[in-house]
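Colleague: In case you want the letters, here they are:
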Amino acid sequence: MHDHSKSSPLKSYFAVWGALLLGTFLTYEAALIDLGRFNAAVALLIATTKALLVALFFMHLKNASEKLLKLVVASTIFFLILLLALSMFDYGTRSFS
Amino acid sequence: MSDSQAAVQSHDGLHNPALLHHFADEGQQRDASSLGMWIFLATEVMFFGGLFCAYLIYRRLYFGDFGAASASIDAKLGGTNTAVLICSSLTVVLAIWAAQTARRSLMILMLIFTMLFGVAFLGIKGIEYKDKFEEHHVPGVSFSFANVPIPGHPDQYANPQHAQIFFALYFIMTGLHALHMVVGLGIFTWLLWMAWKGRFTPRYHTPLEIGGLYWHFVDIVWIYLFPLLYLIDRHP
Amino acid sequence: MAGNVDALFIFLLIVSGLMSLLIFVAIIYFAARYRHRKGVQAEQIEGSIPLELSWSIIPLAVFMVIFAWGAVVYFQGRTPPRDATEVYVVAKQWMWKLEHAEGQREINELHVPVGRDVKLIMTSQDVIHSFFVPAFRMKQDVLPGRYTVAWFRATKSGTYHLFCAEYCGTQHSGMIGSIVVMEPAQYEAWMSGGSGGPLSATGEKIFAELGCATCHRADAQGRGPNLQGMFGKPVQLEDGRMITADENYIRESILDPGSKVVKGFKPLMPTFQGLVSEEQLNALVAYVKSQAQAGAGATKASAAMTAPEGVPGKGNQVQ
Amino acid sequence: MATATVPSVERENYLNKHYGVGSWLLTTDHKRIALLYLISITFFFFIGGFFALLIRLELLTPASDLVQADTYNKLFTMHGQVMVFFFLIPSIPAVLGNFLIPLMVGAKDLAFPRINLLSWYLYIIAGIMMVHCMLTGGIDTGWTFYTPFSTAFSNTKVIEAGLAIFVSGFSSILTGLNFVVTIHRMRAPGMTWSRLPLFVWAHYATSIIQILGTPVIAITLVLVVAERALHLGIFDPKLGGDPLLFQHLFWFYSHPAVYIMILPSMGVVTEVIACFSRKRIFGYTFVALSSIAIAVFGFLVWAHHMFVAGISVYAALIFSLLSYSVAVPSAVKVFNWTATLYKGSIHYDAPMLYAFGFLGLFTMGGLTGLFLAALGVDVHVTDTYFVIAHFHYIMVGGALMGYMGGMHFWWPKITGKLYPEGWARLAALIVFIGFNLTFFPQFVLGYLGMPRRYADYSHMPEFQVLNVLSTAGSTVLAVGYLLPMIYFLWSMRYGKPASDNPWNAAGLEWKTQSPPTTFNFEEEPVVTWEAYNYDEIDKGRKEEVQVVG
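Residue numbers (the working numbering), protein chains in the order written: chain A, 1 to 97; chain B, 1001 to 1236; chain C, 2001 to 2319; chain D, 3001 to 3549.
Misleading hints may appear alongside valid ones.
A short, non-exhaustive set of chain B residues, derived as facing chain A with CB atoms under 8 Å [stated by the list, open to error]:
| hint | residue |
| --- | --- |
| 1 | V1045 |
| 2 | G1049 |
| 3 | F1052 |
| 4 | A1083 |
| 5 | S1089 |
| 6 | L1090 |
| 7 | D1219 |
| 8 | R1234 |
Please keep in mind that the hints were generated in silico from the structure rather than gathered at the bench.
For clarity, every value in this text was computed on a predicted model and none was experimentally measured.
All residues carry an ideal CB built from backbone N, CA and C; glycine is no exception.
Working from the sequences, and respecting the hints, build out all of it.
Modeller: Shown next as structure tokens:
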């Protein structure tokens, strides 16, 4: 997993763990501040970074030997966004017709 | 699946008992299992994706009512649950690391911790559901959500039907997630039993990695559920 | 309207006829010409990029033409002209209830004069139905819980089939009616027959009965927004969004007043969900629309109307 | 054309290696699971077909006199559900795909044999639930489960049918997962992506759709069942829900599902055309990539089923534009098949007749799709018999023809027996004629405006003539489908034994014994030849004939 010393994965695991806890705390605090429309965006941004942290480090996606796994993850996210975006597009433009 | 693990793999001819007949070698079997698991996680993402799509659309249509309904859920409990799941993810990763570095007792300890965190999560979830049950916020016949002001518009009351949709989505999404958590606990009991019997060696611990991937996925789903369901409109 | 749908249909027929003819002739010719003969070896052809590109881009170009033409026809079919006469349609499990703006009520029958644009404002009481008149090449699903709009202009008199095209239960195939297109003279004769007064009048009566007039007054200092001249124009909401006040907005504000409150007003209006039938709802919408035209000459009647006492109390939520 | 040397003594193969019920019901051999699937989907094919015949008989007369309206509604609903979820979606992937993909990529078995058996058991559980639902009252919501009718107004067994299809969805997901991992990880040495048979490419694309699409309908059915059981309000407008949201979620899967049905048969037709015109496929990379393009674009177009349902005009515009993008790869495939015939040496065996049938009918089905994608025309023809004719041309004319062709082409490999060639060609002809007689009149019916799902058209007697034609055709079609059933069973007992490669086809599956041994290959095959090397095969055969001759 890591070419250099054996103990280094531990360090990265605890670092990621800390970052995730911080992220949770940040999500909670950010929700209490009135950012108008950006509240949702900030919450999603923090959640996505946390998810990426878990996926890349905890699920060993970062140093996966093949690019195939990354392709699987990327295409899944693409199709999910497709579902959300195109159906939202219909609801969004419904008031103009 | 890690490179160093593959580098360490010595072709000492010791036939690994768990190598299935139709695979050429352990590398192929391990890659196949991890690719299979990632693809299964892709189906799970789309499975939850349908629910997120319904949530997204109704949140846009009935933002005020969703805010009122979400305000009635205890966000602190949700936050602690998120922290609990993150800790359980850490213990899973440590268990895999322990398996790779042949630390059997640490691995078993970490697996037990993971399951404890899982049970703790379900416990907190149970408390939340009990509160909801008492407040008659469970959708269906006994549902009542009268005269609850919309956050930010104190004189405007939330429409009970739209609030019922929020709670329907809330119970289905968190319920499905809790079901996945229960399945996860089942998998980890089986993993614990195999670890106890010493089946996992630095060379062969694929089931542990697959179990870990599944657990991390369930954690990621919760990472998204927490802000979207609990913190819709919390600012004063 | 039916004309340009047919034109596009025939164009499509020709294009796909040519395309399939081309392919079938090619297949049959190749199959016959290159039949297996003793000693004749098949010639291996790898493929040719230019040919592949050409038969990807040319069909795409043809498809874009068809798409654009289809979109134009669709837009014409979906934007009703301003001055169309309005008919309120209520679809119920296995029958069509139609109400003219002038007040006539009909079941499974719709009498319209030749050459006049007719705008259908449709809603359903139970499941999804679909208002389908093959002769006018028009179809529009009728959804419960909101209005869907369709329009047509009959160019030839006669009786035309009306079907329900979306499966709606046991008598789905029985939910049939007819559109009777009459000469203007005949239509006037038919019109003068029983008519309970224009729909907007019934709407005004209901408007008064339910005490709407107490808040929605002609002079601007009522607790509810002034409905005169409001229909069809953009309205600013409490949370800053701008929407146009169409039938769906009026319906939603009656059934779920809290969702889109007009800027500068308190959300005091109680919901009328369950208190108002679909027909009454149509009448109220017709009345509010009639206020738009009569916006200039404020009708005296509504201002002087005093609110009867039995009005549901302010603010308490009817479950 | 079936010649070559025929083994005299009965060699050991996957059929005679083990005996007994246990060896079948607990097998993890992909070939045996394929046969288990073959038996179960044929059973469902005949149930669906029986319902179809009843529907056609009912429509013989304008009045609804054969069955009551309620029963008719149940008939077309269960015809749709059984055919779509229990026959068309599993047919080629689960039978031919399961049997052939490991053979074609040179593997001993699929990546996860036990999951493969689990997927068959899920299919059987779903089948039992569906049959139980049918026997105890059936379901009358239409195969599309549209709400609020399915959740609030139908008093039939919607929950049971919904759960049955939920379970069968997972069977389809697991098959897709198995194929993708096998194709990625289990290829024999030398089997590069450009040497993979296009049958494998088509199944790779199908698996992508199965993996990414099926979960969405699984969750949608869970919501429908939950709403019906607990009176939630997610899709019920009276409780604040929105029925169009259901349609979005449903069609997000159900349109790609039609590509799950057609892509595998495209793969079969590619193999058959290449083999019987003794030629390399024209434009291999374009045909391979067009399969993937169909799978990806298939996810962009779902709301062309909802143009008149009440979605916004601009959304309809976008989906109509995207629908034309998915038509291009299909057109490319048809052109490439036709170009493959050019300068070939074409044999008219039964599989090739089915392939010709596929080419003709799929082209007509695809072109009528253009009518439906054009917004202006769709408003008139959607929800009428025009749509019924369009998707039957694609599903019955395309997918079923491909399935039949594939069954005939690989029957010697699966059973080691040759089917009667004469009867097979006759059956192919009857199917082709019966099909056209059944469904072409429906195009005209649709344009004249006969709505779909009507039991009683006594108000418009002018439609009767075309309906009578269609019913006549359906009986001919039924006969056409019965024939193969009979002579396939006959051939298993009395058919001439087949050699390892009766058609002299290219492909790894023809290099091994037929029927193959349990582990497919004696020694691990090494692939050194290109995908469709028919010139080398024919050159090799000519030398062999001269030496023997």
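Colleague: Hint by hint, note whether the structure agrees.
Modeller: Hint-by-hint comparison with the structure:
Annotation: B:V1045 was flagged as interfacial toward chain A, and the flag holds, the nearest CB pair being 5 Å apart, inside 8 Å. Because the beta carbon of B:G1049 sits about 4 Å from the nearest beta carbon in chain A, less than 8 Å, this interface hint is met. Because the smallest distance between the Cβ of B:F1052 and any Cβ of chain A comes to about 7 Å, under 8 Å, the interface hint for this residue holds. The interface hint given for B:A1083 holds, since its Cβ lies 6 Å from the closest Cβ of chain A, which is under the 8 Å cut-off.
For the restraint placing B:S1089 at the interface with chain A, the shortest Cβ-Cβ distance is roughly 6 Å, inside the 8 Å limit, so the hint holds. The closest approach between the C-beta of B:L1090 and any C-beta of chain A is roughly 4 Å, which is under the 8 Å cut-off, so the hint is satisfied. The restraint placing B:D1219 at the interface with chain A holds, with a minimum CB-CB distance near 6 Å, inside the 8 Å limit. With its C-beta approaching chain A no nearer than about 4 Å, B:R1234 sits inside the 8 Å limit, and its interface hint holds.
The structure fails none of the hints (numbered hints given earlier).
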